[in-house]
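Asks: This is what each chain is made of:
Protein chains: 4
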Amino acid sequence: MCGVFGIENNDKAASAVFTGLLNLQHRGQEAAGTAVYNCSSKTLRGCVGAGNVLNVFNNNAAATAISGNCAIGHVRYATSGKSSLQNAQPFIFNTKSGFIALAHNGNIYNDKQIAARLQKSGAIFAHTSDSEHIMHLVEREKGSLIEALPKALAKINGAYALIFIQDGVMTGVRDPYGIRPLVLGKLGKSYILASESVAIEMSGGEVLRDIAPGEIIAIEKGKIKKSFIFERKKNYAPCIFEQIYFASPASKVCGKTVAKARMEMGKLLARQMKDIKADVVMPVPDSGVFAALGFAKEAKIPFDMGLVRNHYMGRSFITPDQKVRENIVRIKLLPIKEKIKGKRIILIDDSLVRGTTSGKIMRLMKSCGAKEIHFALSAPPVISPCFYGIDTPTKKELIAHNMTTAQIAKFIGASNVNFITLPNLIKAAQGTKCKTFCAACFSGKYPTGIKI
Amino acid sequence: MCGVFGIENNDKAASAVFTGLLNLQHRGQEAAGTAVYNCSSKTLRGCVGAGNVLNVFNNNAAATAISGNCAIGHVRYATSGKSSLQNAQPFIFNTKSGFIALAHNGNIYNDKQIAARLQKSGAIFAHTSDSEHIMHLVEREKGSLIEALPKALAKINGAYALIFIQDGVMTGVRDPYGIRPLVLGKLGKSYILASESVAIEMSGGEVLRDIAPGEIIAIEKGKIKKSFIFERKKNYAPCIFEQIYFASPASKVCGKTVAKARMEMGKLLARQMKDIKADVVMPVPDSGVFAALGFAKEAKIPFDMGLVRNHYMGRSFITPDQKVRENIVRIKLLPIKEKIKGKRIILIDDSLVRGTTSGKIMRLMKSCGAKEIHFALSAPPVISPCFYGIDTPTKKELIAHNMTTAQIAKFIGASNVNFITLPNLIKAAQGTKCKTFCAACFSGKYPTGIKI
Amino acid sequence: MCGVFGIENNDKAASAVFTGLLNLQHRGQEAAGTAVYNCSSKTLRGCVGAGNVLNVFNNNAAATAISGNCAIGHVRYATSGKSSLQNAQPFIFNTKSGFIALAHNGNIYNDKQIAARLQKSGAIFAHTSDSEHIMHLVEREKGSLIEALPKALAKINGAYALIFIQDGVMTGVRDPYGIRPLVLGKLGKSYILASESVAIEMSGGEVLRDIAPGEIIAIEKGKIKKSFIFERKKNYAPCIFEQIYFASPASKVCGKTVAKARMEMGKLLARQMKDIKADVVMPVPDSGVFAALGFAKEAKIPFDMGLVRNHYMGRSFITPDQKVRENIVRIKLLPIKEKIKGKRIILIDDSLVRGTTSGKIMRLMKSCGAKEIHFALSAPPVISPCFYGIDTPTKKELIAHNMTTAQIAKFIGASNVNFITLPNLIKAAQGTKCKTFCAACFSGKYPTGIKI
Amino acid sequence: MCGVFGIENNDKAASAVFTGLLNLQHRGQEAAGTAVYNCSSKTLRGCVGAGNVLNVFNNNAAATAISGNCAIGHVRYATSGKSSLQNAQPFIFNTKSGFIALAHNGNIYNDKQIAARLQKSGAIFAHTSDSEHIMHLVEREKGSLIEALPKALAKINGAYALIFIQDGVMTGVRDPYGIRPLVLGKLGKSYILASESVAIEMSGGEVLRDIAPGEIIAIEKGKIKKSFIFERKKNYAPCIFEQIYFASPASKVCGKTVAKARMEMGKLLARQMKDIKADVVMPVPDSGVFAALGFAKEAKIPFDMGLVRNHYMGRSFITPDQKVRENIVRIKLLPIKEKIKGKRIILIDDSLVRGTTSGKIMRLMKSCGAKEIHFALSAPPVISPCFYGIDTPTKKELIAHNMTTAQIAKFIGASNVNFITLPNLIKAAQGTKCKTFCAACFSGKYPTGIKI
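Residue numbers (the working numbering), protein chains in the order written: chain A, 49 to 500; chain B, 49 to 500; chain C, 49 to 500; chain D, 49 to 500.
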């Protein structure tokens with residue numbers, strides 16, 4: 049998961065990217081950066097750094113000080129083991145058609161095969177991220193960027209939302225299944241491309257539409273130069289985890305506000321669990337809040353907040369002492385004892401992947417005297433890994449791959465565990481713009497035809 | 049506002065302070081620090097830094113690496129204009145009885161008079177914070193720390209919760225009116241002193257009791273050496289803003305959980321506003337959440353979240369561009385349009401001081417199509433400045449000092465503005481341990497006898 | 049100008065590179081870095097940073113903490129305008145034969161043509177330094193690194209000393225004219241490659257020999273696997289500026305200690321200037337010291353130090369105030385007035401390129417009362433730019449391209465200016481291992497056949 | 049050892065302090081800082097940091113950006129164990145007469161007694177440096193700063209050069225024996241006070257005179273308001289180590305240029321050693337250079353540089369690996385083998401304290417084939433510790449306290465060791481302004497009457 053943002057025809061393009069990325073910060077806190085094209089000096093300059101957007105842009109005068117009219121930015125999700133700085137995007141490359149910058153959200157499944165084929169004919173890779181592959185493939189084709197892209201992307205099995213800058217032209221691309229999101233907006237005389245609608249609206253702009261699956265759009269000086277579908281698959285398959293977890297509740301995804309989709313997940317979960325008696329519905333904040341509101345409304349059980357999130361713990365938290373580590377979940381989630389004590393609680397979280405965090409939450413609530421914990425999840429059991437950019441573990445680490453629901457409940461210490469059904473999830477996620485989804489992590493069916 | 053934490057008789061005292069301060073981080077993000085006494089080497093070493101606890105302790109190996117058995121820590125609230133580093137606490141002083149460390153939450157009203165008197169007889173001040181005054185006064189008295197403190201503190205008009213370390217003894221003090229909070233807890237063989245109960249519980253410890261108004265307590269090697277009331281005023285007057293805004297909802301203040309007190313504020317507001325028709329109750333997150341839950345329950349109007357907080361904006365946010373500044377409230381609070389559009393909304397926030405932020409929120413909600421905004425505050429009108437440690441502005445900047453409620457509503461753009469009454473606030477805040485409060489900012493009556 | 053260092057078969061390879069680079073620090077202070085191969089884990093990891101070696105290695109735990117047996121390092125010379133961090137070496141690339149690291153000292157003349165040709169067939173460049181070109185060319189050839197190198201390097205017109213690491217093999221390369229230096233040494237069971245002999249000796253190692261012009265040498269596990277001349281030009285043409293300025297006086301270049309070569313430059317200058325009467329010979333420290341010693345001895349005129357260098361001014365010096373800028377030469381060079389006042393001085397510096405610094409030095413010495421300043425340079429007039437890695441300006445900025453010697457003297461304010469003749473310089477620089485040199489900057493004759 | 053600099057009546061006072069400190073950087077690299085008084089806003093603001101002047105002033109916009117007309121600065125010498133940041137000067141104190149800043153070079157011998165006495169009457173110390181004592185003593189006296197100083201300083205046994213700023217008045221003080229240096233200069237309409245003349249001259253100013261032993265001078269708006277001798281001892285006793293080691297060779301101390309004094313030390317050493325046959329005179333750079341030049345001239349033995357200093361090793365050098373540590377002297381001093389091999393060398397260094405570094409130098413030179421090393425020191429044997437601000441070790445660590453000269457030669461591995469005699473040293477150091485010195489470290493006779 050990452051976030052991308054681009055704006056063109058704007059005298060303060062770097063500042064606009066800063067604001068845009070602040071509203072996409074929830075999509076990644078490992079690294080951030082920008083690349084800015086200046087139409088007068090015809091230069092493309094970049095600045096990247098480790099950490100969140102405020103760190104990178106506030107600490108580094110260079111970032112917002114780069115003057116230019118067309119800029120893209122990127123926030124990178126924390127993944128383990130790889131150098132954050134080396135892979136911080138946007139990447140800038142010098143190519144046969146000059147300098148070009150690239151920001152990528154997504155993941156390429158056949159990256160190793162592509163790399164091997166490219167390397168065989170002499171390609172060298174300066175980054176360890178698979179985003180560089182796209183640039184290689186483009187440059188192996190003839191013609192301009194938008195001529196080369198369809199041929200290059202035909203070789204890729206994967207998910208991508210891309211924004212390029214070259215010579216003052218901002219080009220956006222979305223993969224043929226539309227797995228990763230990309231939204232078009234307008235702010236005054238400038239077009240914006242962003243991972244989520246919230247980043248356009250919070251910049252003061254207006255959302256125009258989703259970039260279509262398989263669409264390439266090239267924008268220059270406030271005009272859409274060209275827009276076409278280079279390849280479109282029958283099955284539109286946007287990642288359903290956006291609605292469950294990634295997207296901001298204030299964003300519209302597939303034509304439906306995420307907060308609303310989550311409330312419907314809660315509502316449908318409530319119908320699934322109508323036989324369970326409980327005193328209160330509580331979310332694991334923040335991701336479970338809207339599903340819990342929807343559940344409570346449907347079930348007519350009071351909504352309450354029994355856990356409060358300590359928002360000062362970033363993802364960069366490093367424990368000074370081994371013994372402190374067990375306490376982290378306690379530090380991130382503060383319980384309000386008397387709201388928990390003696391209660392039969394429906395506790396709502398977004399998903400259950402490995403089960404370790406859920407186990408800690410159950411122990412925390414029991415230590416506060418919870419009588420029953422009916423654990424409800426607005427995602428079905430995760431049984432297959434994601435190859436499209438979400439950092440899920442391998443099959444054998446997926447608790448739902450190894451255990452029945454009853455076993456999971458026992459393992460984590462819940463009274464019972466209740467997953468939303470996949471049909472119900474899809475029903476909740478469906479908006480006016482899209483009825484089908486990639487739900488490979490729940491179904492094992494990969495839209496791009498991956499067999500595992 | 050600041051937070052203090054101390055622990056003794058603990059082999060990992062510096063790590064314990066780190067964990068403790070993480071849970072008090074909401075009380076101040078400007079600076080943080082620790083001072084650690086090592087009983088073997090008989091040394092007292094400190095480490096302070098600008099920024100939040102994670103920055104200071106993670107970036108600075110020294111902080112958690114200081115080995116020792118008795119440690120105190122401090123988080124400092126952002127105030128403008130003064131050097132954050134120079135005033136970061138704990139302070140360490142070399143005195144007639146050796147090295148001593150001090151962490152202070154509160155404010156001294158007669159600091160200038162005290163300083164002038166002290167300076168006249170030769171005292172020099174190395175910090176610009178008034179906490180240094182206390183140390184000066186103590187050292188001008190005869191006897192040990194606990195012998196000197198009563199005489200020294202008799203000269204102070206103000207509010208304070210203090211923790212000292214000297215020679216492995218941790219000493220806690222609370223002002224005679226109990227304006228600032230200080231709680232005693234136990235973790236295994238160690239005693240803890242902390243500004244809030246949540247910091248004790250989240251460290252795995254057990255809350256014992258509030259330090260009494262006017263109490264001095266000295267603890268050493270897991271034993272309470274001495275505890276006595278050096279001076280107690282008739283009127284116990286803990287700051288009521290703890291319940292309204294400062295304290296964590298998970299803390300117990302005056303014997304009542306803060307979340308519960310806030311729900312009661314909401315309930316009583318609902319009774320005050322029972323004639324208002326509305327479709328939904330919404331909080332300004334995060335501080336308005338529990339009052340909104342209480343209001344919704346009482347008024348039987350649905351609770352919903354129409355505004356979502358972007359938690360990645362710290363207080364250290366510096367805008368790169370003047371024009372961006374107007375957008376900041378938009379960046380900190382993301383609206384969910386369809387929850388707002390066409391609705392008659394009861395919007396609940398904690399307090400209204402200058403009115404500028406509230407005005408921005410009203411404009412934001414109106415731009416999303418809110419039909420009516422009935423603005424409800426879980427604090428009465430702020431009409432007098434605080435001299436006890438809360439960063440309120442001067443009288444003329446206080447909107448409620450200058451306008452009627454109707455004028456305020458017009459000024460900020462709300463359909464109407466509804467302050468909780470002071471009696472109702474007090475009713476909501478009262479717990480088993482305390483029935484009276486300092487509410488000087490609402491009443492102009494200062495418990496320590498300040499006339500303005 | 050840059051410096052490179054490599055060591056293999058050494059359990060503390062990263063530490064050894066640190067020590068080695070410290071002794072090459074005079075060759076570049078803009079950036080530094082290392083890449084380390086671990087034979088057990090079969091991983092290649094790197095760490096680079098802006099600033100000098102101590103900054104990069106001391107501030108960054110990662111640098112010396114990378115465990116491995118085979119490592120290379122690089123120091124980068126300060127050049128203007130380009131991002132220091134993006135071009136900090138060693139570069140690490142992922143190629144058809146796996147990860148490979150590269151450190152390069154030198155410059156490619158036909159880089160733009162090579163890039164254009166490579167880009168045309170799809171190559172993308174992630175750095176703006178020309179060192180990446182070499183890797184591209186290698187990867188376009190068949191076979192292993194040492195099989196591909198001769199074919200790849202045949203396409204390059206330029207100067208280079210290269211060290212690669214791949215799979216635990218350290219490979220060194222020197223260009224066919226031997227323009228840039230590369231020396232082979234041994235330390236226990238480890239081979240070392242370094243830009244200068246001093247870095248080998250100061251590491252406790254023994255200097256074996258210069259890598260020959262056009263030689264490729266591959267070393268693994270303490271054994272020279274292969275060594276051969278891939279291409280050798282008739283005219284061995286090592287850069288004569290090493291003897292004049294770049295190399296450490298303690299290094300041996302071309303079989304002659306640099307300090308000795310500089311003394312001989314001074315001796316021959318003394319013979320050229322035998323008609324000039326003077327009271328004292330003084331160097332511009334540090335680069336003029338040995339030439340001045342040689343001059344004084346030959347001319348039997350006393351040697352003295354009338355200027356002392358302030359060694360705390362790094363190259364990163366940024367003046368806080370425009371008016372301070374004129375004073376910088378004063379801050380870098382402190383005059384000892386009474387050694388200068390009333391004296392007829394022979395002042396010896398290494399070279400005169402633009403004339404601006406020399407002008408400031410003359411004004412400084414005159415302000416101290418120098419009677420006559422006979423300015424002597426151990427380099428001939430610089431009349432042509434260097435295309436092989438030295439940061440000389442364009443022709444029109446070269447003072448000797450635009451003015452006669454008499455005009456230069458008048459311009460800078462010297463009594464007269466005396467350049468060593470090219471034959472004398474060559475005579476002084478000649479060692480047992482080499483009699484011919486690249487002196488293109490003085491003669492306009494470029495060994496690789498560049499016409500300008 | 050530290051350095052102080054002050055300037056008044058100057059619109060760019062902070063920049064001027066920056067330039068001044070750069071020229072005093074050789075006196076201390078541990079920490080640096082400035083305090084600036086602004087006559088318009090009547091504010092006194094400071095900025096201090098760890099590291100050298102460039103680090104502190106370049107990294108910290110605040111330092112040179114503080115606008116004001118009157119500023120002082122300080123560089124702090126590296127000492128072990130104490131927090132560099134906490135003790136970085138200038139100190140700023142808030143006193144009965146307002147804010148006051150203090151920069152101090154020197155050391156107080158009776159600091160513990162003074163502290164004990166002050167603490168007894170209630171004083172608290174916020175720093176661990178003894179400079180704070182002076183401020184305490186001043187503030188215990190009646191009257192203005194210059195009225196209080198004589199009475200306060202009468203209580204101090206020690207050495208000090210002080211510069212204060214208060215309300216736009218710059219006040220300089222030198223101890224009654226003149227142990228620490230302080231020089232008065234003028235730059236346009238501004239007066240300057242500085243530890244060394246070089247800092248005045250390199251700022252473009254003119255040296256007026258040394259502040260006299262026991263003098264207090266108060267300067268305001270370009271006028272000397274008051275200047276008087278508060279106490280003068282018969283024996284003027286400036287520290288003779290300034291001439292031997294600390295001062296810049298370009299400074300004038302006691303009316304004699306330091307370079308000249310060092311040449312005379314060399315000349316007199318040559319006379320002491322006239323029976324020794326040698327091929328060459330070499331300095332240990334940089335501190336031995338001028339003594340070696342003087343020796344060579346007198347003895348008519350050729351001067352040469354057989355050791356070159358690597359100036360990139362700062363004092364902050366931290367070895368990454370225990371085994372590297374032995375190599376440090378090799379890294380700091382690069383030998384030029386053929387200048388050493390087979391030679392009978394007179395090697396000149398400034399002083400011999402513990403003998404460890406000298407031993408490493410001997411081993412280094414022997415490993416290069418030196419035939420004989422006649423080691424000559426421009427300081428007599430150090431037999432007593434310094435209590436006046438020089439970081440000498442305790443008696444038992446002083447090699448000359450424990451061994452005869454012959455034993456020392458054997459211990460370090462020299463052919464012989466030759467200390468300048470104290471009378472000869474004094475003869476060389478004497479200038480027009482001073483004939484007597486503090487030479488307590490050589491004689492055990494402390495001018496302020498310390499008995500050990």
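Note that these hints are calculated values from the structure, not bench results. Accuracy of the hints is not assured; some may be wrong.
Given that identical chains are not distinguished, each listed pair holds provided it fits within a single copy or across any two copies.
[What the hints assert, rightly or not] In silico lysine-lysine, DSSO-like type, Cα no more than 30 angstroms apart, as pairs: (1) K348 / K389; (2) K380 / K345; (3) K304 / K168; (4) K380 / K308; (5) K160 / K234; (6) K444 / K325; (7) K483 / K348; (8) K414 / K160; (9) K199 / K408.
Asks: With reference to the structure, classify each hint as holding or not holding.
Replies: To see whether the hints hold, each was checked on the structure:
1. Proximity of K348 to K389 under the C-alpha cut-off of 30 angstroms is found in both arrangements, the shortest distances being 21 angstroms within a copy and 24 angstroms between copies.
2. In the homo-oligomer, the alpha carbons of K380 and K345 lie at most 30 angstroms apart both inside one protomer (27 angstroms) and across protomers (27 angstroms), since each shortest distance falls under that limit.
3. With identical chains, the CA atoms of K304 and K168 are never at most 30 angstroms apart, being 46 angstroms at best within one copy and 45 angstroms at best between copies.
4. In the homo-oligomer, the alpha carbons of K380 and K308 lie at most 30 angstroms apart both inside one protomer (26 angstroms) and across protomers (21 angstroms), since each shortest distance falls under that limit.
5. Within a single copy, K160 and K234 get their C-alpha atoms no closer than 38 angstroms, and across copies no closer than 39 angstroms, so neither meets the 30 angstroms cut-off.
6. For the identical chains of this complex, K444 and K325 are neighbours neither inside a copy (34 angstroms) nor across copies (55 angstroms), given an alpha-carbon limit of 30 angstroms.
7. With identical chains, the CA atoms of K483 and K348 are at most 30 angstroms apart within one copy only, with a shortest distance of 29 angstroms there and 35 angstroms across copies.
8. For the homomeric pair K414 and K160, neither the shortest alpha-carbon distance inside one copy (46 angstroms) nor that between copies (52 angstroms) is at most 30 angstroms.
9. When the C-alpha separation of K199 and K408 is checked against a cutoff of 30 angstroms, the pair qualifies neither within a copy, at 49 angstroms, nor between copies, at 49 angstroms.
When the structure is compared with the earlier hints, violations turn up for hints 3, 5, 6, 8 and 9 and for no others.
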